[in-house]
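> Protein sequences, first through last, are from chains A and B.
One point on numbering: in the working numbering, the residue at position 137 of the first sequence is 137, and numbering is uninterrupted.
Quick note: to get the working numbering, add 1000 to the position in the second sequence (first position is 1).
These aren't lab readings, by the way, just hints derived from the structure by calculation.
Warning: the hint list may mix true and false statements.
Okay, derived cross-link-like pairs now, DSS-like style, lysine-lysine, Cα gap no bigger than 27 Å in a straight line [said to hold, decoys possible]:
1) Lys3(A) to Lys1164(B)
2) Lys213(A) to Lys1003(B)
3) Lys1164(B) to Lys293(A)
4) Lys1317(B) to Lys164(A)
5) Lys164(A) to Lys1003(B)
6) Lys1317(B) to Lys317(A)
7) Lys1258(B) to Lys228(A)
8) Lys1228(B) to Lys1258(B)
9) Lys1300(B) to Lys317(A)
Using C-beta positions, here's what the derived DEER-type ranges look like [to be verified]:
10) Ala99(A) to Thr1254(B): 33 to 39 Å
11) Gly264(A) to Gly1082(B): 32 to 38 Å
12) Gly253(A) to Asp1290(B): 56 to 62 Å
13) Arg1107(B) to Gly253(A): 32 to 38 Å
14) Glu237(A) to Arg1312(B): 50 to 56 Å
15) Ile216(A) to Glu1276(B): 45 to 51 Å
16) Gly253(A) to Ile1292(B): 39 to 45 Å
17) Ser239(A) to Ala1245(B): 23 to 29 Å
Positions of the beta carbon are idealized from the N, C-alpha and C atoms, including for glycine.
Protein chains: 2
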Amino acid sequence: MHKIRTRITELFDIRYPVIQGGMIWCAGWELASAVSMAGGLGLIGSGSMTPDILRHHIRKTRKATNAPFGVNIPLIYQHAAGNIEVVLKEKIPVVFTSAGNPAQWTRQMKDAGIRVVHVVSTLRFAEKAATAGVDAIVAEGFEAGGHNGREETTTMVLVPWIRKHLSLPLIAAGGIASGETMLAALALGADGVQLGSRFAISAEASCHPDFKKAVILAGEGATRLAMKQLMPVRLLENSFSQRIASLEEAGAGTEALKNMLGKGRAKKGMFDGDLEEGELEIGQVAVQIDDIKPVAVIMKRITDEFLTALNRISNLKDHFQI
Amino acid sequence: MHKIRTRITELFDIRYPVIQGGMIWCAGWELASAVSMAGGLGLIGSGSMTPDILRHHIRKTRKATNAPFGVNIPLIYQHAAGNIEVVLKEKIPVVFTSAGNPAQWTRQMKDAGIRVVHVVSTLRFAEKAATAGVDAIVAEGFEAGGHNGREETTTMVLVPWIRKHLSLPLIAAGGIASGETMLAALALGADGVQLGSRFAISAEASCHPDFKKAVILAGEGATRLAMKQLMPVRLLENSFSQRIASLEEAGAGTEALKNMLGKGRAKKGMFDGDLEEGELEIGQVAVQIDDIKPVAVIMKRITDEFLTALNRISNLKDHFQI
């Protein structure tokens, strides 16, 4: 049994600095507990859950494993306040917040002993999160799936930029689905990585099998950052995303986009498996994902690749003659 | 004196696997010779030169240094054929081609003993270049300055994807301006890196001092991929780029965009220093660049950072217990 030690593994008491994204409609207790049991940090994605459903998933995770796990809470979600109440009552050790103002709830959660991490796409938001008192930052690049920043800064640019200005533990997200990309993220100055897409396409993820198969078939350029006027989100291209793109290209306003979007698009796509009319959130790494495996297999593959790449890179030192 | 050995340093007979982008209006003989003298591979950017001017820059470079250097030739440029004639006659050891079909001239240049490298933004184009017989590939991500791919694939995703499918020597470009990002690129599977923006903002680059200063002042999200309908290009935002963006948002067609673009925009911006009406090509790393230094200082800084980051990353092995 090996382990990789960084500030992030120390902070969360986990074996590998690998955090699973708390993706809506994908990350229920089956996925979160599998990732935590495999040595990473599993996150329940509460962005598609009512407080009652979240409580159910927390209790199922606790039954499945004694390993640490967390909950992801998008702060602009209608049930955010209710879900925060649940994580406080259930004494969840780690909460990742995203899409909203970290000043609102961070102090209350910290006072309850929760380690709080906030997801950002710019240094400006990272500094706000640091001021709010978070324990760590996720720097999420343009290539990531789901909701994303307007600045379109990629992981390669964002991570060293935030690293240079903030000393907080830093987690890189976006474009990471392998041991090589994990090593690259650590080279950029991250202390850990967060993988969404790779774990969404695993046996334990609760999204629809047809969605998983569509991601496996995805080719180069198959995802796009859509709805930049509303709230940018990276989607796998389909009929729905193409209609949205046509509207945007024709100069449509936000109202027309909101009408076309309607309600429940993400559930329709990722959970119900409507590949043409649903919203299919996935990262650019979709192109690299070509199988659906149990989380334990994925984790072993990534850590094996990481060690191989680390040995290869370390050998450069022998060629670096002073 | 140290060196870093990879397949790219062997291919070009250089000390560091650091190639300077052959940027139009920035990369004349002063820049190319400075990079080559500092142990990298300098490239003359012929995309803004007539054959006569290119010959002049080649001869000035040869007077300045005996070190290997190369020429970058955008294949769709009006003087491409004439410039290829010049590099053949002048027996240039290395030619980087971009923006065009590598099948057209690669064989002829290879037969003359030139090492030919082609710049791509997708695996599909990389495979075409491999078929054409190139010696190496540059994989250029979405974050790179200047002309760019329609698929918007970032360096973090593109480099391991191409590495997995092609065994040719591979150079990563886009988002690289430091030793940490260079190490990350090598972790992703690249054998070398190409830096455009960082060397454009150096003492020896021939672009206008006001353009260099504008890049130093650039903040987060200051660059955008513009003119996606014509030929995508990453620009520093200014009055001109904002007018182009407004046209695009209003659903304008390619004719309207071409009219607005007109002729000589890149020269106006980067060479003449018209910061409002010119085209200012630069990568997302603009946000990280905060000084104008001689190339020798920049190269020393990057290789020092690289060694520091390599030592830090190699130490992870001690924590990786089997």
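> Of the hints given before, which are not true for this structure?
2, 11, 12, 13, 14
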